[in-house]
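Enquirer: Could you build the full structure based on these sequences and the hints that come with them?
First to last, the sequence lines map onto chains A and B.
According to our numbering, the residues represented by the first sequence are 1 to 299, in order.
According to our numbering, the residues represented by the second sequence are 1 to 416, in order.
Derived from the structure by calculation, the hints contain no laboratory data.
Source: prediction; values computed, not measured.
Be aware that one or more of the hints could be misleading.
As the list claims (entries may be wrong) - Dumping the calculated DSS-like pairs for lysine-lysine here, alpha-carbon to alpha-carbon at most 27 Å:
| # | chain 1 | residue 1 | chain 2 | residue 2 |
| --- | --- | --- | --- | --- |
| 1 | B | 183 | A | 89 |
| 2 | A | 255 | B | 289 |
| 3 | A | 89 | B | 6 |
| 4 | B | 183 | A | 290 |
| 5 | A | 251 | B | 183 |
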Amino acid sequence: MGKQSRRDFLKKAGILGAGLAVTSPREASAAPGNILSEDRMGVLVDTTVCIGCRRCEYACKKTHDLPAGNLMDYDDHSVFSKMRRPYDKALTVVNEYKEPGETLPTHVKVQCMHCDKPACVSACIVGAFSKVESGAIIYDAGICIGCRYCMVACPFQIPAYEYGNALTPEVKKCDFCFNRTEEKLLPACVEICPVEALTYGRRRDLLTLAEERIADNPDRYYNYTYGKNEVGGTSWMYLNAREPAELDFPKLGDKPAPGVSESIQHGIFAYFVPPIALYALLGGIMWTAKTRNESEEER
Amino acid sequence: MEEFAKPAPIKKGFFSPGVIILLIIALNGLVFAAFRFIFGLGYVTNLNDQYPWGIWIGVDVAVGVALAAGGFTTAALGHVFHREDYHAITRPALLTAMLGYTFVAMSVTFDLGRYYNIWHPMIYWNGNSALFEVGICVMSYVTVLYIEFIPMVIERFKHRVNLRGLLSKLDAPLEKLLTLADKIINPTMFIFIIAGVVLSCLHQSSLGTVMIVAGSKIHPLWQTPVAPLMFLLSAIAVGFPMVIMEGIISAKSFGLKAEMDILSKLGRYVGPLLGVCLALRLGDMAIRKSFVYLTDINVYSIMFLIEVLFGVIIPMRLFMWDKALRSKSLLLLASCLVIFGVFINRVNTYLVAYTPPYVFEKYFPSFAEISITLGFVAAEILLFRAFVMIFPIVSQPVKVKEYAPKTKYAIRGAVS
Numbered sequence: 001m002g003k004q005s006r007r008d009f010l011k012k013a014g015i016l017g018a019g020l021a022v023t024s025p026r027e028a029s030a031a032p033g034n035i036l037s038e039d040r041m042g043v044l045v046d047t048t049v050c051i052g053c054r055r056c057e058y059a060c061k062k063t064h065d066l067p068a069g070n071l072m073d074y075d076d077h078s079v080f081s082k083m084r085r086p087y088d089k090a091l092t093v094v095n096e097y098k099e100p101g102e103t104l105p106t107h108v109k110v111q112c113m114h115c116d117k118p119a120c121v122s123a124c125i126v127g128a129f130s131k132v133e134s135g136a137i138i139y140d141a142g143i144c145i146g147c148r149y150c151m152v153a154c155p156f157q158i159p160a161y162e163y164g165n166a167l168t169p170e171v172k173k174c175d176f177c178f179n180r181t182e183e184k185l186l187p188a189c190v191e192i193c194p195v196e197a198l199t200y201g202r203r204r205d206l207l208t209l210a211e212e213r214i215a216d217n218p219d220r221y222y223n224y225t226y227g228k229n230e231v232g233g234t235s236w237m238y239l240n241a242r243e244p245a246e247l248d249f250p251k252l253g254d255k256p257a258p259g260v261s262e263s264i265q266h267g268i269f270a271y272f273v274p275p276i277a278l279y280a281l282l283g284g285i286m287w288t289a290k291t292r293n294e295s296e297e298e299r
Numbered sequence: 001m002e003e004f005a006k007p008a009p010i011k012k013g014f015f016s017p018g019v020i021i022l023l024i025i026a027l028n029g030l031v032f033a034a035f036r037f038i039f040g041l042g043y044v045t046n047l048n049d050q051y052p053w054g055i056w057i058g059v060d061v062a063v064g065v066a067l068a069a070g071g072f073t074t075a076a077l078g079h080v081f082h083r084e085d086y087h088a089i090t091r092p093a094l095l096t097a098m099l100g101y102t103f104v105a106m107s108v109t110f111d112l113g114r115y116y117n118i119w120h121p122m123i124y125w126n127g128n129s130a131l132f133e134v135g136i137c138v139m140s141y142v143t144v145l146y147i148e149f150i151p152m153v154i155e156r157f158k159h160r161v162n163l164r165g166l167l168s169k170l171d172a173p174l175e176k177l178l179t180l181a182d183k184i185i186n187p188t189m190f191i192f193i194i195a196g197v198v199l200s201c202l203h204q205s206s207l208g209t210v211m212i213v214a215g216s217k218i219h220p221l222w223q224t225p226v227a228p229l230m231f232l233l234s235a236i237a238v239g240f241p242m243v244i245m246e247g248i249i250s251a252k253s254f255g256l257k258a259e260m261d262i263l264s265k266l267g268r269y270v271g272p273l274l275g276v277c278l279a280l281r282l283g284d285m286a287i288r289k290s291f292v293y294l295t296d297i298n299v300y301s302i303m304f305l306i307e308v309l310f311g312v313i314i315p316m317r318l319f320m321w322d323k324a325l326r327s328k329s330l331l332l333l334a335s336c337l338v339i340f341g342v343f344i345n346r347v348n349t350y351l352v353a354y355t356p357p358y359v360f361e362k363y364f365p366s367f368a369e370i371s372i373t374l375g376f377v378a379a380e381i382l383l384f385r386a387f388v389m390i391f392p393i394v395s396q397p398v399k400v401k402e403y404a405p406k407t408k409y410a411i412r413g414a415v416s
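Expert: Laid out in structure tokens, this is it:
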């Protein structure tokens, strides 16, 4: 419904005096792709397995043509002293969490969660984001106008911006190695992980796997798969030893991230009835008011 | 007879001490504008990955659009509801809206990382996005405003095109163009006037929808599904106070008599409108039980109280008080409070209430950001001054033989 009514709107808005040079609807792209495939892929991150070697950070930069430095540099654990977030030069980062009582620290890899009901895709003014069949949310810099509404919308605070680039800045975020998975390769981080903390697979299989692991080792895991229901479910999911909130996972409900904003938009534009009704109403008022004035003058 | 007041260009020197100060502010903004385009957003702004939107969106766009609402509210009152007694204020309000929206569009250009793609929403559509709707409606509405302004250009220049030198060859074609425009515009103007009101209602409300998608990142005092309605109603409520404030200040600046009878009458609408806004605000709060957040004393509860008390309750009381409506200074004060209230409301919704999950550094606008925003405001005031001196916009008492062409547009409505 959205597509058609929107088109009608633009045509009418054009006719009704916008004087806007609307190009032919044929050229106009449809709403952004937002495919929710049954077989979409995902990654299960087992933070109880991760050793914090940061090789995923290295592999990610290599794959995405970002300055990666030497692999040796990533043995430097001093970066764990403060929390880091992905930014335009690192699409994934690993953080360390140490509890006073615990012998071993916990490491948590952070990257785009690739939501099933993504806020960025819903928000993007030009539809530069799309969720593709593999489950990945990808970005088209050629369409992007750089409004950064995706960053405002993202509940996980993931998209980063190239503020330093004056002419062709891009939104930077994990693309789930879309180019690699298209060629049947594993995502770079999954491939390089030496301890198999990352498991790549069909999302529904991963959910079963997560439940099995928790059932087999109830002492090892906090009984909750983070990402199973968060903001309507995410492609990347986490198994933790502790409560997710203690590891800085945002506490989010299970309602889809775009929230009611889409229903409001569709309500206002339901088959274009409300705007046209308003137009007609105002037209009617104008006509009666004018006639009334004129008849008063005659008297 | 007083009724012979009609719009005419104001004859007065352009420069005054105030104008010089505004020029300096505008030039200062221009310097930083150059930096922004040469070195990029990171160089001039304090924006970062935690706070992707700053005052160029929160103030220039969100506040700017709301405060330009006088254009469509007076158009609705004067032309749609055909209240001819208000026609004297529709032209200044239209000019403010036209300049206001032009500067909103320019601010957006500054804020966009890929500003040269600003036209993309016209061909790449995403109907799920509230921002898309705002973008399309603002683009359309700017066009409508320019069209609504054409009659003033015709009135000023028809039969008087007189270019110098080589350009004088263009006199005849331009004259023809004006005559043609005159013929087309007059019978079709009502289409544009209604379209302007509809487009305004759409994007004023959608500006309230914009932050809903941010979900838990917006403090619960401002995150509400009725935000679109609140934004629309507060925009309607702030429209007349803007017109009153401008009317009083520009009259003072040009040494004219403020049209107090019209402005007081206009003020009578504001009290009830603010009452509706307040009722919606409190009702929403009661239903969502968000009042629990007012028990903590922090920046959010304080900002909320300032917004509601000084921006809604106090001016509502003033606008419902006969003495305040008749007194120029009290009317000005009440109007300024409403404007302040809407300003704070938009800033709160877009900037203060924005609380991302991982914050390393709180956002505060940089000197450059503030300079550019102030530069825009200054430039807008200067252009307003220039426009009212060139075009017949401000109504003045007319003496016989005074420079003011007698045309059918004197106080014309849409379908007069």
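Enquirer: Hint by hint, note whether the structure agrees.
Expert: Results of checking the hints against the structure:
1. This hinted pair does not check out: residue 183 (chain B) and residue 89 (chain A) have alpha carbons roughly 59 Å apart, beyond 27 Å.
2. The hinted pair formed by residue 255 (chain A) and residue 289 (chain B) meets the criterion: a straight-line CA distance of about 20 Å does not exceed 27 Å.
3. The straight-line distance between the Cα atoms of residue 89 (chain A) and residue 6 (chain B) is roughly 62 Å, outside the 27 Å bound, and the hint therefore fails.
4. With a C-alpha separation of about 21 Å, the suggested pair residue 183 (chain B) and residue 290 (chain A) falls inside the 27 Å cut-off, and the hint holds.
5. A hinted pair counts as satisfied when its Cα atoms are at most 27 Å apart, and residue 251 (chain A) with residue 183 (chain B) does not qualify at roughly 62 Å.
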